[in-house]
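If you want the building blocks of each chain, they are given just below.
2 protein chains.
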Amino acid sequence: MEKEIIELFRRHLRLQGDLPLGDDAGALRLRDGWLVATNDMLVRKTDVPGVMTPEQVGFKAVTMNVSDVAAMGARPVGFLFSLGVPRDIGMDYLEGVAKGIGKALEHYGVPVLSADTNEADDLVIDGIALGRTRRLLTRSGARPGDLVCVTGDIGRALAGLLAWKHELDVPAGARRALYEKLLEPRARVKEGIELSELANAAIDISDGLSKELHLLAEMSGVRIDIEAQELPIRDEVRAVGEILGLNPIEIALASGEEFELVFTLPEEKLRCLGVRCTVIGRVLKGTGVYITTDEKRQEMPVLGWEHLNRRVKGTYREMFR
Amino acid sequence: MEKEIIELFRRHLRLQGDLPLGDDAGALRLRDGWLVATNDMLVRKTDVPGVMTPEQVGFKAVTMNVSDVAAMGARPVGFLFSLGVPRDIGMDYLEGVAKGIGKALEHYGVPVLSADTNEADDLVIDGIALGRTRRLLTRSGARPGDLVCVTGDIGRALAGLLAWKHELDVPAGARRALYEKLLEPRARVKEGIELSELANAAIDISDGLSKELHLLAEMSGVRIDIEAQELPIRDEVRAVGEILGLNPIEIALASGEEFELVFTLPEEKLRCLGVRCTVIGRVLKGTGVYITTDEKRQEMPVLGWEHLNRRVKGTYREMFR
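Chains as they are written, first to last, in this note's numbering: chain A, 398 to 718; chain B, 398 to 718.
Next up, chain A with everything else stripped away, as it sits in the complex:
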């Protein structure tokens, strides 16, 4: 349904900014660079796992928007938000959300410019972030020959969600590592700013690495080849995969809201880069996304966490029957 709605709106929104819709953020030219702007709505019922504290909810509402600004290579300069508040919500919950938003703004050094509150049926936080940059980093700039890199590690957000949903018995240390990424992910702001001068293209991981790579390849008009064994997957993710009978690579590819940055850049620029990252593949001429596992190259499926979760349910039931 979401795709249909987006299509519907695109047909009626002819007037667009200085960058077509479809990137991490929209953009307007300023005299000395670009203003980027992005918004992302968080709905408690559908977007917030029950294990998340109100403070973590508030922090994440900021992070998800700041991350989109970072993916454009921009420095976040302002945050706005609208709250839809159900009549029966506790003031304690709201205070937690407020604290979380406040902490996040201090963490990222971003001022709040405007806020609005309304009565609504469910808790809704619509966050908006503004950013500025001299050079814009888009999803369409990947060039054949570029390396494909990713910051941090991937998979922990989904592995944490699965561990929580299926009440897995994982050691406390591992749970902490997984929940850190599920509940308190951080946007890669410094990295995005550093990348803006060096990278050719970037995107943040909101919907899972596989979806983001397909977007990058499609919007840049290139082919992307990924080496499965290079993916930065931590042992805690592998452990959850083992318990649930899931391939950890699939978990890593499907894991959303990681807020790591995926970017491409010419090989010779890698030396100049002060960003800690892992090279996971290469950009080629052509189309599509491929992944090499055990010397077998195959098309990378577009994996979503819902899809994986459905499969888990079957496996899980079998395992514990």
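Bear in mind the hints are in silico, worked out from the structure with no lab data behind them. It is possible that some hints are incorrect.
Copies of the same chain are indistinguishable here, so a pair counts whether it falls within one copy or spans any two.
Below, computed lysine to aspartate or glutamate pairings styled on DMTMM-like, alpha-carbon distance capped at 25 Å [to be verified]:
1) 496 / 404
2) 587 / 489
3) 496 / 401
4) 562 / 444
5) 442 / 516
6) 442 / 401
7) 442 / 519
8) 442 / 581
9) 400 / 516
Dock chain B against chain A, hints included.
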């Protein structure tokens, strides 16, 4: 409850923009002027009268934000929105909203920079508008000696709502005039831009003239005196007042979402002003807002439409019993 929530959030949001929270929009300094940013959430259940078409809903979601930009004296340069969409909404309804947003963006000449959609319990449209101006028009700039002016006419939005809610039997021409303002209000963009060079302070009428005047007086640290007989109230509003036994001046003071601009400026600048407006009063030293009716001066009550509507119900029932 709204006030409590706002208080709660203010306590936790220490990092603010280059203008403190509490104006029509937030603002950031650019090299050559100001960037203003504002957001306003529309929730169907609480904000949309049943008589409004989906296209009018979409248009209004843009207008209410563009109006805040205009009140800062800024030219709107970008629009963003997030949609919360209930599962059971008709695609026809959504298409109407999309059309309305598209038409509004063309009407105001504003590009869409970013859009997001999510599942939610009720239809929610959170709109965000960005604007630019060389000189910022705030709520705190009114100076003793200034004239107080308002664009257009006031009262039709509330009179229209009352006529619809209470199924009043008003002539077609009058209903058209009332519904025009209730269902298809327009933001005063040209006027705002023109005012930015001349006026000392401005605010748009979102919550009713009386509330806006109290905000202006309070934030500017001045007293405001209004002449009731100067208020630009059309005959259609007076007619509704007569049927319902309400004072048309009260209707005009309580009528929200008019999107007219209230502004103050030095008397000698009135001649230079290309904006059609009505002088309704004067700024003085002191505090508070006063209104003179029939040579009697009294404090102006803070009137909201809910308050007036409650009173109407009684009157109305008596009239038609």
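Evaluated hints:
Taking identical chains as interchangeable, the C-alpha atoms of residue 496 and residue 404 lie at most 25 Å apart only when they sit on different chains, with a minimum of 13 Å there against 37 Å within one chain. Neither within a single protomer nor between protomers do residue 587 and residue 489 lie at most 25 Å apart by alpha-carbon distance, with minima of 33 Å and 44 Å respectively. Proximity of residue 496 and residue 401 under a CA criterion of 25 Å is satisfied inter-copy only: 15 Å between copies versus 36 Å inside one chain copy. Taking identical chains as interchangeable, the C-alpha atoms of residue 562 and residue 444 lie at most 25 Å apart only when both belong to the same chain, with a minimum of 14 Å there against 37 Å between chains.
Taking the shortest Cα distances, residue 442 and residue 516 sit within 25 Å of each other both inside one copy (16 Å) and across copies (9 Å). In the homo-oligomer, the alpha carbons of residue 442 and residue 401 lie at most 25 Å apart both inside one protomer (22 Å) and across protomers (24 Å), since each shortest distance falls under that limit. In this assembly of identical chains, residue 442 and residue 519 lie within 25 Å of each other by CA distance both inside one copy and across copies; the values are 7 Å within and 12 Å between. Taking the closest pair of Cα atoms, residue 442 and residue 581 come within 25 Å of each other only inside a single copy of the chain (18 Å); across copies the shortest separation is 33 Å, beyond that limit.
Proximity of residue 400 to residue 516 under the C-alpha cut-off of 25 Å is restricted to the inter-copy arrangement: shortest distance 12 Å between copies versus 28 Å within a copy.
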